[in-house]
Amino acid sequence: MPEPVDKIRLTDLKSGEKGTIVEILGGPALKSRLSAMGIFEGKEIVKVSGHFLGGPVILGLGKTRIALGSGMAGKIAVEKIK
Amino acid sequence: MKFLLVGNPNVGKSVIFSHLSGVTVIASNYPGTTVELTRSSFRWQNQLVDLIDLPGTYALEPTSPAEEVTASMIAEGDVIINVIDSTNLERSLNLTLQLIKTGKPLLIVLNLWDEANHLGIGIDAPGLERIIGVPVVSTCAITGEGIKGLVDHLSEARAGQYRFDDNERWHEVGKIVAAVQTIVHRHHTWLERLGDASLSPFTGVAIALAVMAGSFGLIRFIGEGLSNHVLEILFHRYWTPVVLKIYNWLGTGFISEILVGRVQTVQINYLGAFGLLTTGLFVPIALVLPYVLAFYLVLGLLEDTGYLPRLAVLADTFTHRLGLHGLAIIPMMLGLGCNVPGLMATRILESKKQRFIAATLTCIAVPCMSQMAVIAGLIGRYGISSLGVVVLTLMLTGMILGIILNRLVAGESPEIFIEIPPYRLPYLRVIAKKLWIRMKKFMLEAEPMVLLGVLIINILTYFHILNIFAQIFSPVVTGWLGLPAQSALALIVGFLRKDVAVGMLVPMGLSQHQLIVASVVLAMYFPCVATFVVLWKELGTSGLIKSTLLMIAVSTLVGGLLNLLL
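If you're matching them up, the sequences are chains G and B in order.
Going by our numbering, the letters in the first sequence line up with residues 633 to 714, in that order.
Going by our numbering, the letters in the second sequence line up with residues 27 to 592, in that order.
Next comes chain G alone, as it looks inside the complex (with noise of 0.2 Å):
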């Protein structure tokens, strides 16, 4: 049975910290999308930073930067890395 995971959305991710991806929360479309970016289950981020009042998430894939919406980010469940 696998272990239970703390699942939070990568909004509730503070900037700076890592988590992994565990699941993208939307339709086949969207998980293209991201998926070509290489953003897909399984993969290790890190959250570079959050703007606030709705503004992009930037993520972190090793060295290369992504912005994208926070409606878009709200849809990836990662779980953090400690």
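Here are the simulated DSS-like pairs of lysine-lysine, each with C-alpha atoms no more than 25 Å apart in a straight line:
{"#": "1", "chain 1": "G", "residue 1": "K714", "chain 2": "G", "residue 2": "K650"}
{"#": "2", "chain 1": "G", "residue 1": "K663", "chain 2": "B", "residue 2": "K127"}
{"#": "3", "chain 1": "G", "residue 1": "K707", "chain 2": "G", "residue 2": "K695"}
{"#": "4", "chain 1": "B", "residue 1": "K201", "chain 2": "G", "residue 2": "K663"}
{"#": "5", "chain 1": "G", "residue 1": "K639", "chain 2": "G", "residue 2": "K707"}
{"#": "6", "chain 1": "B", "residue 1": "K563", "chain 2": "B", "residue 2": "K379"}
{"#": "7", "chain 1": "G", "residue 1": "K663", "chain 2": "B", "residue 2": "K379"}
{"#": "8", "chain 1": "G", "residue 1": "K663", "chain 2": "B", "residue 2": "K378"}
{"#": "9", "chain 1": "B", "residue 1": "K572", "chain 2": "B", "residue 2": "K379"}
{"#": "10", "chain 1": "G", "residue 1": "K712", "chain 2": "G", "residue 2": "K639"}
{"#": "11", "chain 1": "G", "residue 1": "K650", "chain 2": "G", "residue 2": "K707"}
{"#": "12", "chain 1": "G", "residue 1": "K663", "chain 2": "G", "residue 2": "K650"}
{"#": "13", "chain 1": "B", "residue 1": "K379", "chain 2": "G", "residue 2": "K707"}
{"#": "14", "chain 1": "B", "residue 1": "K28", "chain 2": "B", "residue 2": "K174"}
{"#": "15", "chain 1": "B", "residue 1": "K174", "chain 2": "B", "residue 2": "K130"}
{"#": "16", "chain 1": "G", "residue 1": "K695", "chain 2": "G", "residue 2": "K714"}
{"#": "17", "chain 1": "B", "residue 1": "K127", "chain 2": "B", "residue 2": "K201"}
{"#": "18", "chain 1": "B", "residue 1": "K201", "chain 2": "G", "residue 2": "K695"}
{"#": "19", "chain 1": "G", "residue 1": "K650", "chain 2": "B", "residue 2": "K201"}
{"#": "20", "chain 1": "G", "residue 1": "K646", "chain 2": "G", "residue 2": "K695"}
{"#": "21", "chain 1": "B", "residue 1": "K174", "chain 2": "B", "residue 2": "K459"}
Where chain B lies over chain G, by a calculated footprint (3+ residues, C-beta under 8 Å):
{"#": "22", "region": "664 to 675"}
{"#": "23", "region": "697 to 704"}
Here are a few chain B residues that face chain G, going by a calculated C-beta distance under 7 Å:
{"#": "24", "residue": "Y84"}
{"#": "25", "residue": "T89"}
{"#": "26", "residue": "L225"}
{"#": "27", "residue": "T343"}
{"#": "28", "residue": "I442"}
{"#": "29", "residue": "E445"}
Keep in mind that the hints were calculated from the coordinates and are not lab data.
Beta carbons are placed, not taken as given, at the ideal position from N, Cα and C, and that holds for glycine.
For this one, chain G is given, so just place chain B on it according to the hints.
Then chain B, alone, in the frame of chain G:
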């Protein structure tokens, strides 16, 4: 034979295209510089073959019109040159595997090779070649390194041998990356740190304000310096005697009126004379060119360092209230130089709604540098605050209109989703080349239009047709906008060139108040013919009609309100 350059956005396809074809195209450090395909040809094995530079894409299923172009072209190509960002092998290979599935002959180019080495990333190119079964070459396109090797290996391009299950693509990519890539850990460079700092809310906004202030300061310093202290002096010293000689020889009359305009016998007021040889040359060369040059120099620096997408991210919080995401600032920034490339760049936006809003706002609220240079020259003498009123009115109108359009226009407004490129130190040679292309385009396109505008004004004035126009438009122009009746002609000429139209106001002796109203109306009321054609192409007939009706309505409303309020 057709060779296609295919790859993720911002991996250097356009730079390689320039090297192979000898045709220089604009390349910058942000995803989406190329929005349509660029064709050229080059000599290869004693035959002339086609080379096509395609807009960057992450996947073969398109999500924007720029990506659609790529997806539909791939079927037509004979050989695919797959350009890869060596600093981001994993994501690049995801596209490579999709390209292998097409069965087309493939050559892989590991570009940005030097930058990858610098970051401590090593790629075993022969190993990669063995695994996927297509030739692999490495290049550093910006310096031209490896381009010869690329050409030498073109004949070896072949369909990939790698067999895999498409549902397991990322897993397969992971396996390949693990086999060929080695990473030596390096500490963050100062550029990387600065890169992240300019994305966070607080430091980011501070940096953005500094960059904007610095940019405008630099544009003004270079533009004003070159215009007032170099070109104007050259005109007075060397061109005035020539024009006066022609004037003395021609005497007065129709020809003289058109060629030289209204001049005194000892000196020339180049703005007021309105002849082909006086105003027709002075406005584009001495007044507008310096600012356009300064603007494109600064824009080139912002593009090549990689700052623009960072500004887009910061702007996003605000622009999504206008139905746009932050990337819309890129067409608008380009529009500040000339609205034509600005409108073409709206293709980086995903939805029809966004493209309509961005294009309409660019036409209404983003005056091109040619127009701004003349406005600044005209209003500048009343101090910077008058110019401020014009700029502020345009910005405020753009914002309010954006908020309204966001509610009224049907359709989706997708969120921002872009890769932010790393900061890169710009290459002066590349910046100079880009500046040259843009300035050449400016001179070739602006000068004939300016001369045509001046010619038409002179003919209309000479035959007193001007009065007829003035009478037709006077209820709106005089009654509502508070401008002299003859300024109606400026509105007509503005369709040819906005800078000439603003220049026409000079001999009319407008007050400060009238100048502000006229500048704002001229900026908003209708696009110039070049912009009009591109707007038509980008939005289609119904979009064009809607957009231009909005321009006429908004400019009349705002101009009249300004007239009442000021």
